[in-house]
Amino acid sequence: MSKALGAHGTPGATTSSGMTGTAPTDPFAGTDATLNARVRRRRRSGWARTLGVAILAAAIAFAAGFAVGRTGPGGTAPEHAGTAADTVVVGLKLAPVNLDIRRQSGNAVMQLLIGNVYEGLVGRDSHNRVVPAIADSWDIAKDGLAYTFHLRQGLTFSNGDVLDATDVVWSIRQMIERQYYDYEQLDGVTGVEALDDHTVRLTLDTPNANLLWYLSARPGLVFDQDAHYDPKTQAVGSGPYLVSDFVPNDSVTLTANPNYTGRNPAKTHTVVVRYLTDANAAVNALTSGAVQVLSPIDEQLAAPLKNDPAYTIRAGNGSDKYVLAMNNRRAPFTDKRVRQAIRYAIDHKQIIAARGGADQPLGGPIPAVDPGYRDLTGLYPHDVAKAQELMRQAGYGPDHHLTTTLTYANTYGTELGDQLRSQLAAIWIDLKIDYVEFSTWLTDVHQNADYDLSLVDHAESHDFEQWADPTYYYGYDNPRVQELYRKAMAATDEKTTDRLLAQAARQVSEDAAADWLFAYRVTTATAQGVSGFAADLSQSFMPLWNLTYVRPAEGGAA
Amino acid sequence: MIGTSKRRGSAVRGGPAVCGGRAARAAGAAGRTLYAVWSRGGGRAALIVIGVWTAVALVSLVWTPWPLLATDGYHTWQAPSPAHPLGTDGTGADVLSWLMAGAATDLAIALLVALVAAVWGTLLIAAMVSRHGALAGTAVVAVDALISIPTVLLALILAVPLGASVAVVVCACGFAYGLNLARIARPAALLAARSAYVESALANGASGMGVLIRHILPNSLPVIAVQLSMSAGTALLAEAGLTYLGVGVPSGVPSWGHSLTTSVRFVTVYPAAVLWPGLVVTVAVVALNLLGDALRDATDPAAVGSAPPADAVEPDGTGEVRDGR
Numbered sequence: 001m002s003k004a005l006g007a008h009g010t011p012g013a014t015t016s017s018g019m020t021g022t023a024p025t026d027p028f029a030g031t032d033a034t035l036n037a038r039v040r041r042r043r044r045s046g047w048a049r050t051l052g053v054a055i056l057a058a059a060i061a062f063a064a065g066f067a068v069g070r071t072g073p074g075g076t077a078p079e080h081a082g083t084a085a086d087t088v089v090v091g092l093k094l095a096p097v098n099l100d101i102r103r104q105s106g107n108a109v110m111q112l113l114i115g116n117v118y119e120g121l122v123g124r125d126s127h128n129r130v131v132p133a134i135a136d137s138w139d140i141a142k143d144g145l146a147y148t149f150h151l152r153q154g155l156t157f158s159n160g161d162v163l164d165a166t167d168v169v170w171s172i173r174q175m176i177e178r179q180y181y182d183y184e185q186l187d188g189v190t191g192v193e194a195l196d197d198h199t200v201r202l203t204l205d206t207p208n209a210n211l212l213w214y215l216s217a218r219p220g221l222v223f224d225q226d227a228h229y230d231p232k233t234q235a236v237g238s239g240p241y242l243v244s245d246f247v248p249n250d251s252v253t254l255t256a257n258p259n260y261t262g263r264n265p266a267k268t269h270t271v272v273v274r275y276l277t278d279a280n281a282a283v284n285a286l287t288s289g290a291v292q293v294l295s296p297i298d299e300q301l302a303a304p305l306k307n308d309p310a311y312t313i314r315a316g317n318g319s320d321k322y323v324l325a326m327n328n329r330r331a332p333f334t335d336k337r338v339r340q341a342i343r344y345a346i347d348h349k350q351i352i353a354a355r356g357g358a359d360q361p362l363g364g365p366i367p368a369v370d371p372g373y374r375d376l377t378g379l380y381p382h383d384v385a386k387a388q389e390l391m392r393q394a395g396y397g398p399d400h401h402l403t404t405t406l407t408y409a410n411t412y413g414t415e416l417g418d419q420l421r422s423q424l425a426a427i428w429i430d431l432k433i434d435y436v437e438f439s440t441w442l443t444d445v446h447q448n449a450d451y452d453l454s455l456v457d458h459a460e461s462h463d464f465e466q467w468a469d470p471t472y473y474y475g476y477d478n479p480r481v482q483e484l485y486r487k488a489m490a491a492t493d494e495k496t497t498d499r500l501l502a503q504a505a506r507q508v509s510e511d512a513a514a515d516w517l518f519a520y521r522v523t524t525a526t527a528q529g530v531s532g533f534a535a536d537l538s539q540s541f542m543p544l545w546n547l548t549y550v551r552p553a554e555g556g557a558a
Numbered sequence: 001m002i003g004t005s006k007r008r009g010s011a012v013r014g015g016p017a018v019c020g021g022r023a024a025r026a027a028g029a030a031g032r033t034l035y036a037v038w039s040r041g042g043g044r045a046a047l048i049v050i051g052v053w054t055a056v057a058l059v060s061l062v063w064t065p066w067p068l069l070a071t072d073g074y075h076t077w078q079a080p081s082p083a084h085p086l087g088t089d090g091t092g093a094d095v096l097s098w099l100m101a102g103a104a105t106d107l108a109i110a111l112l113v114a115l116v117a118a119v120w121g122t123l124l125i126a127a128m129v130s131r132h133g134a135l136a137g138t139a140v141v142a143v144d145a146l147i148s149i150p151t152v153l154l155a156l157i158l159a160v161p162l163g164a165s166v167a168v169v170v171c172a173c174g175f176a177y178g179l180n181l182a183r184i185a186r187p188a189a190l191l192a193a194r195s196a197y198v199e200s201a202l203a204n205g206a207s208g209m210g211v212l213i214r215h216i217l218p219n220s221l222p223v224i225a226v227q228l229s230m231s232a233g234t235a236l237l238a239e240a241g242l243t244y245l246g247v248g249v250p251s252g253v254p255s256w257g258h259s260l261t262t263s264v265r266f267v268t269v270y271p272a273a274v275l276w277p278g279l280v281v282t283v284a285v286v287a288l289n290l291l292g293d294a295l296r297d298a299t300d301p302a303a304v305g306s307a308p309p310a311d312a313v314e315p316d317g318t319g320e321v322r323d324g325r
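Chains as they are written, first to last, in UniProt numbering: chain U, 1 to 558; chain P, 1 to 325.
Hints are computed from structural coordinates only; laboratory data are not their basis. Bear in mind that the values here come from a model prediction, so they are computed numbers and not experimental data. Treat the hints with care, since some could be wrong.
Stated by the list, open to error - Between beta-carbon pairs, the in silico distance windows are:
| id | chain 1 | residue 1 | chain 2 | residue 2 | range |
| --- | --- | --- | --- | --- | --- |
| 1 | U | P248 | P | V267 | 51 to 57 Å |
| 2 | P | H132 | U | A331 | 54 to 60 Å |
| 3 | P | A27 | U | G356 | 20 to 26 Å |
| 4 | P | S81 | U | G378 | 43 to 49 Å |
| 5 | U | H127 | P | S148 | 56 to 62 Å |
| 6 | P | S148 | U | E437 | 39 to 45 Å |
| 7 | U | N259 | P | G163 | 33 to 39 Å |
| 8 | P | A70 | U | D469 | 51 to 57 Å |
| 9 | U | A331 | P | A79 | 42 to 48 Å |
| 10 | P | V264 | U | A141 | 56 to 62 Å |
| 11 | U | P231 | P | L245 | 43 to 49 Å |
| 12 | P | S148 | U | K349 | 51 to 57 Å |
We put the beta carbon where it would ideally sit given N, CA and C, even for glycine.
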């Protein structure tokens with residue numbers, strides 16, 4: 001996501017929940033995926049007849065659901081038992097507003113399309129490392145000012161057009177010229193040229209240690225300059241899948257690209273992605289067999305499934321950081337002692353326990369999947385006595401309470417605010433909670449920095465820059481951190497970057513610029529027989545090519 | 001029998017000859033009505049529940065089993081135990097304490113909504129039975145038009161300037177229920193307004209406001225009381241619904257709607273957690289509705305068989321006014 005909008009979620013995505021109520025009654029939500037496919041095919045031939053079939057199918061599906069209860073995905077035709085399914089249904093939460101990945105913000109569109117429908121110059125693995133994609137290999141000049149990419153040969157787009165260096169150059173130039181979403185990640189790129197049909201060179205005016213990683217997301221995507229299509233509802237890419245059907249806020253059907261000659265050919269013919277905004281409806285879809293993968297699943301709702309052999313529940317690592325921001329420009333948070341007291345007073349382990357225990361403590365601004373991560377949880381252990389001492393030094397006490405306001409978006413639930421109010425009461429802070437719409441939060445807090453305390457999930461990876469930018473809403477201004485970050489980005493080897501970022505992160509944490517409540521880990525549930533779904537980082541990158549589903553033998557799941 | 005005496009009481013009050021001792025008579029009438037309600041099964045149950053509710057609300061102002069701020073992340077969604085008789089919620093807070101404190105908030109909301117509805121409804125009634133034809137006609141049309149606005153929509157609009165607050169619930173519900181009240185009480189009020197004793201009072205120089213307070217409102221009181229009781233019950237449901245939508249009682253303020261909202265998400269995993277607030281809201285709403293029914297029975301002359309059958313207009317009002325003639 002862009003630098004300007006480093007927070008999780010988008011206004012568009014949060015307002016697109018109008019279809020919630022329809023999800024469980026989707027007439028195409030049969031327990032049998034092949035039946036689904038058949039119903040879908042008929043749907044295009046004749047509406048009136050299809051409607052009848054659909055209603056019947058829904059009635060049967062409901063009846064079956066009531067009759068067999070939570071049998072999981074076992075209720076399928078016997079001849080499929082033990083064989084790989086040609087359709088897998090994946091349940092997700094936030095739907096993309098449209099498919100125009102060059103203009104549409106939000107993680108949902110990246111999650112769906114990158115690596116599946118569009119491929120970039122380079123890709124990412126589930127450890128957040130850059131791996132070859134369209135480029136088989138690359139060379140970086142010693143001064144870090146030139147990157148030469150050697151493209152894989154024989155690639156085509158899904159429409160049959162050849163993919164070569166001219167497409168790569170055109171895509172990156174368009175990105176910069178037309179200022180497509182995240183174009184500022186290519187700041188410093190001064191030239192893009194094709195050396196021959198299969199070699200592309202990027203030149204920079206300043207080194208950028210994040211460039212390769214940026215190129216594994218939107219800025220590196222390659223588009224066909226000769227293709228004509230509506231990018232909001234269609235996609236022509238070079239990935240292992242094609243978008244064969246897009247129903248906004250409901251589902252996207254991906255079918256294997258028959259022309260694919262890249263590294264990651266699809267293992268399953270059809271992957272249907274369904275968007276289930278209601279947490280309970282999503283779990284019902286999983287237990288009724290309407291979806292075989294659910295990511296994310298509400299951790300507490302997943303609890304009863306943990307002992308059920310028909311499902312595998314995993315928490316995946318990600319870059320989500322729940323940050324308790326303190327307005328470093330506004331009293332009393334200009335006083336380091338108050339900020340430190342708040343960090344000592346918060347019992348992070350208890351907050352994590354209340355959420356179900358899957359999340360990880362996080363003591364600083366860099367998550368475990370990013371360069372520069374070190375375990376900083378020891379800097380501010382839970383210590384109420386120390387916190388009280390610091391508050392006393394800052395002039396507060398049992399007779400002089402500090403009244404302040406925590407502003408956060410209502411998408412995060414009331415529990416976090418209630419717990420913080422309870423924990424901070426012990427150090428004489430009377431916490432008022434202003435529970436606002438996400439769009440209000442974006443304007444008041446993120447844009448105008450008009451707040452005391454705030455709480456948000458900073459979901460992005462490689463986003464340390466926000467601590468080196470004194471105009472960001474934290475108002476955190478430490479020249480040493482800014483200098484370390486500048487050097488880290490200018491470094492041309494990964495180890496130096498990692499070391500410098502770690503130093504900067506430690507400084508930010510020691511300064512108590514904010515508190516990091518926990519690193520959110522997304523819980524994913526898969527039905528027995530599903531493999532190849534990477535739980536790590538799945539909220540921004542969800543490669544589906546490796547996904548397979550082998551139906552368990554009949555009766556095995558009941 | 002009780003109903004008959006009440007009817008006589010209010011008939012006398014409505015009569016033009018009565019000048020002094022109104023307060024005492026009114027107090028006596030209220031006492032008789034209360035007794036009449038108490039003597040009915042449903043009414044007695046309603047009064048007991050409302051009494052307990054009020055007592056709990058008052059106690060919660062000074063004492064709850066656990067402080068409301070006490071949370072315990074290691075013991076969330078606990079089943080009932082001696083330490084937590086109704087278990088704990090998603091933050092590990094004591095459910096009973098939050099429900100007790102919620103009783104005070106919800107009692108305040110019910111009373112405030114009834115108050116706003118009463119004042120607003122009375123103003124509308126005054127306009128609708130006004131002797132100025134244009135004003136009365138406009139008011140009738142306006143009420144009919146405004147009554148079509150859904151309460152939820154109104155609350156969502158009010159939440160834009162007010163944010164999530166008790167004021168949203170009180171204003172939205174008070175406004176909507178005031179309209180209902182005016183519409184239902186209008187026939188009774190109109191009959192009183194056009195009666196011979198009002199003509200005579202006006203001829204004797206009584207002001208419009210005086211007539212409204214002395215004659216029209218007392219004659220409409222039974223209808224108004226029933227309607228207000230129902231409104232208070234509906235206000236509780238509205239509070240729960242609006243809080244669930246995020247425009248009702250703000251986060252951190254205890255209310256039954258808050259307790260419902262925080263537990264309803266996990267109804268499939270912890271069904272017991274949603275049971276208690278749901279039960280409390282149900283019992284309170286049923287009590288207020290029963291109170292409304294009992295009030296109507298206690299003040300409805302048709303129920304005791306001595307009044308002529310209802311004709312074109314609302315039976316409660318008709319009996320009163322005919323008797324007054």
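Status of each hint after checking the structure:
1. The given range of 51 to 57 Å is broken by U:P248 and P:V267, whose C-beta atoms sit roughly 29 Å from each other.
2. Between P:H132 and U:A331 the Cβ separation comes to about 59 Å, which falls inside the hinted range of 54 to 60 Å.
3. Take P:A27 and U:G356: their Cβ atoms lie about 58 Å apart, and the range 20 to 26 Å is violated.
4. Distance hint for P:S81 and U:G378: a CB-CB separation of about 35 Å, inconsistent with the stated range 43 to 49 Å.
5. For U:H127 and P:S148, the hinted distance range of 56 to 62 Å is satisfied, since their beta carbons lie about 59 Å from each other.
6. Between P:S148 and U:E437 the beta carbon distance is about 27 Å. The supplied range of 39 to 45 Å is therefore violated.
7. Distance hint check: the CB atoms of U:N259 and P:G163 are about 55 Å apart, inconsistent with the given range 33 to 39 Å.
8. Taking the beta carbon of each, P:A70 and U:D469 are about 39 Å apart, not inside 51 to 57 Å as hinted.
9. At roughly 45 Å, the beta carbons of U:A331 and P:A79 sit within the given window of 42 to 48 Å.
10. Under the hint 56 to 62 Å, the C-beta atoms of P:V264 and U:A141, about 59 Å apart, fit the expected range.
11. Taking the beta carbon of each, U:P231 and P:L245 are about 35 Å apart, not inside 43 to 49 Å as hinted.
12. Restraint check, P:S148 to U:K349: a C-beta distance of roughly 54 Å satisfies the suggested window 51 to 57 Å.
When each numbered hint is compared with the structure, violations occur for hints 1, 3, 4, 6, 7, 8, 11.
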